[in-house]
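Enquirer: Listed below, chain by chain, are the residues.
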Amino acid sequence: MRKSCIISIFFFLILNSYLPSSQLLAADFSSDAEEDLLFANIDSVYTASKHEQKITEAPARVSIVTAEEIHRYGYPTLADILGSLPGFYVSYDRNYSYIGVRGFGLPGDYNTRLLLLVDGHRVNDNIFDSMYSDRAFIVDVALIERVEVVRGPSSSLYGSNAFFGVVNVITKKGRDLNGAEVSGAAGSRESHQGRLSYGKRLQNGLEFLVSGTFYESDGDDNLYYKEFDTPETNSGVAEDADDDKATNLFAKIAFADFTLNALYVEREKGIPTAPWGSEFNTSDTRSWDDRWYLDLNYQHLYDSGIEVNGRLFYDRYIYEGDYIFDYGPPPDIVTNKDSDIGEWWGAEVHLSRNFFKTHHFTIGGEFRDSLKQEQQNYDRYGLWLDSNPDINSWGLFIQDNWNILANLIFNMGLRHDDYDSSGSSTNPRAALIYSPFKKSTFKLLYGRAFRAPNAYELFYHDGYSTAKPNPELDAETIESFEFIWEQRVTENIRGSASVYRNEIDDLISYNQDPSDGLYFFDNLGNAQATGAEVSMEGKWQNGWLTALSYTYQHAKDKDTGARLVNSPRHMIKTNLLVPLFDEMLQGGLEVKYESGRKTVDDRNTARNYITNVSLASSNIVPGMTLSATVFNLFDDGYDYPGSEEHTQNMIKQDGRTFWFEATYLY
Amino acid sequence: MSHSKYHLWSRVIVFCLLLMALASPAFAANKTQTVVILTNHNTEAHQQLSSFFEAHLRNRYPALEIAQYLLDDDTKKNNTTFREIRQRNPAIILALGSSAIRSGLEAFPGTPLVASMVINEESFTLSNQATGVLLKLPAQTHFLWLKRFLPSVKNVGVLYDPNENSTWIQEAEEAARLNGLKLVAITVESPQNLPQALKAISRSTEVLIGIPDTTVYSRNTVKMVLLSTFRNRIPFVGLSQSWVKAGALYSLDWDYGDIGTQCGAIAGQILAGTPPSTIPPQIPKSQPRFSINMKTARHMNLDIDSSLVAGASSIYE
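Top to bottom, those sequences are chains F and H.
With the working numbering, you'll find the first sequence wraps up at 1142, consecutive numbering, no jumps.
With the working numbering, you'll find the second sequence wraps up at 429, consecutive numbering, no jumps.
Think of the hints as simulated: they come from the structure by calculation, not from any bench.
Hints may contain errors.
Dumping the calculated SDA-like pairs for lysine to any residue here, alpha-carbon to alpha-carbon at most 20 Å [said to hold, decoys possible]:
#1 H:Lys311 - F:Leu1141
#2 F:Lys833 - H:Lys407
#3 F:Lys676 - H:Ile346
#4 H:Lys407 - F:Leu1141
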């Protein structure tokens, strides 16, 4: 293992043994006498902000990343945030970032097996069911208050896409800024970003936050791919083809029990990898993703104890892709265009209430009506695909959280969903959470989830030149078993260990039909993933924060026994945040190790070690925060597997880059 | 006996009787009285209260014997303690904390008891032998100080269990109205209701005042309350200094020395012959002290008046 990795792990262990084991005593209510409320020693909120009750009582393994950590580590995108978590890993194909979870990250899967919520609003679109975690993500990470990640099947509460987990991004409120904030950033490869935000909570209770961000980057303007190393294709060098540009707009207005969210993102990306056999070394092959939505949310706690949560939403998604092909010989350069428009609206309502002081009961339902699911493929020779199915869905669910004893909780949930495309699915979940000792919690979890095939998987083709549809697709299902042990080691250090087994049936994957050479989606067999995760994290009131995790994951095709593509067997991650110079400066260190990943052609990428360092300051100049981050400090060369659409089986990733940001709050 | 000897002896007898009559108060005063302090906690606040109580009584009754006992979780040890106390035959018991009060009333039913370090008078008002000083803050006091700390706030949140604090809430609604504030009082009938109640607080109020309520504030809920208010930037007025240390914005606290003196004054009245049942329970007479968490203030983007910062008994950074 690389020295840098060993040194950082060693450093973590030494640090945790030298740091004071407790700077604050735990809450010590020695009896239930009322006056003990006044005299008990209580855990400070400054050490407890990650270690909240929510994590230990949740019927799942939950991770939380706070705004403070996002700032101090300098995470630029949601993919970087998720990639820091145990059990998660990222792939990037120079167009989109993809998130792998617990050994499962099929190349080219548009993150369809993770449900992404922003303030509870489902963000996965109605064409690709995709969850964007790169610059196409709809929220600027500077506006994120925290990210809550719930691992495991959650269809019993959320329906389709909550296959491997749910990522809920909670955004900031007007009160979090209480003024205007201006931010400017610059980095490697001619990258620039500007943001202007304003937020306020008025005396009459009206609260709002508005923000706009613009980002652009030239990317790597000299990308070499040996698969294209011929004189005709510029000796394998794609020049000026990796640019990236994004604009985010955000508005949140809240008054009394109502909150209106309006979010928008448009992103344009150059694609240098020549996917689908398109022409190499052209900056004209590119994609555009536009996504926006309006969401009106109502939340009220009635005197009867019933909490009502209702939502009305309207969403729109536009994807355009230009792919430059040579239809010759003789040379006939043609722009083949994908043009997709998704438009949908819907409503959901949840009601929850406590009964008999030990049951917290929730029922709810939602529906989604697709107004448009248009997919078109055309070029100057014709319109090859013009599909507009109308896949609507509805779901009903029920959940009970039963406090059997003070230290024993049983959580059970059941949801029934109906999709026009693939029929209905009913999915249960059960969790037993037991805390035999004050500092220990054990969880035994079972859950089932499903993922309905989306419009793209069902109906996409390009005139049968490279791809064909498969309207007979069935939903894929997952059954999961997990055991978790969470332990408070000292007052400042918390550990957890979990083992899991996921059984996936009717897996939808992208394959090439040997009979006609066309690509299509099919329910091709079953997969199994087993694994274990061990992690420790410590937080101290003086600002020190450390974390160390090890993940073992083994994902395989159940029928053939073959290891799944793009699934690292081992991952080690370590994080360290250190206050420097009287807390005016904070240093951050992140080291990630991954073993190799299998590629589509049965080879393996090399293992990689990525070290990121950051420096952040607050109030050196009052109101100003500065941060500087170096990614891949040791310039480690590494690759991620390509997907079926790529000629390259391995796609080279970025070397050392830096990012510098200054923010001023008025 | 001759007439002169009779007169002599009668004078001697009368003189002795007179001497005995005059000497009896002194004799009685010289008979050592004992006051017992019974407590179930040994915090700095308890110690401060005890020492000021003792100082006040010694000033007036220098010959008074004062003994302090710390109750144990072990019933056997406590029984031994009670036997020892009985042998002392105390004139008064000062009981600090609800379990000390309960033990004092059960083990020494005939002995006058001065109670303190409790919030609720119900722990002792059923007994004719008890009175005391409660750790209670009237709603009006809360709102006057709130307006000093957060002058622009209008919507004030309170979480409460109706079974414990309905009376205080009624008082608070009236006090809020008089102070130009709107009280948003949300019921929490069990700890399971707390997450939704906290979400409602974050939506509809600008500050949360913590009041003694064992349903809302307990070992199982303290972290949730602190984190929720911290995360949603809702200033939380803590129940005491230890809450401010943990992250509440400020708290109103008591001068436990003054309370000890106040308890000493009550004990003095009882020693002078006033029945405890005629002395109604009191609240602390001195102005509350306060502590501030400046780190929380900065996190909440709040400017705390410099005069408040200067006057705080404790500042947490």
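Enquirer: Hint by hint, note whether the structure agrees.
Expert: Tested hints:
Of the pairs offered as hints, the one joining Lys311 of chain H and Leu1141 of chain F is violated, with about 27 Å between alpha carbons and a cut-off of 20 Å exceeded. Between Lys833 of chain F and Lys407 of chain H, the direct Cα distance comes to roughly 36 Å. Violation of the 20 Å bound is thereby established for this hinted pair. Our distance criterion of 20 Å between C-alpha atoms is met by Lys676 of chain F and Ile346 of chain H, whose separation comes to about 14 Å. A hinted pair counts as satisfied when its Cα atoms are at most 20 Å apart, and Lys407 of chain H with Leu1141 of chain F qualifies at roughly 18 Å.
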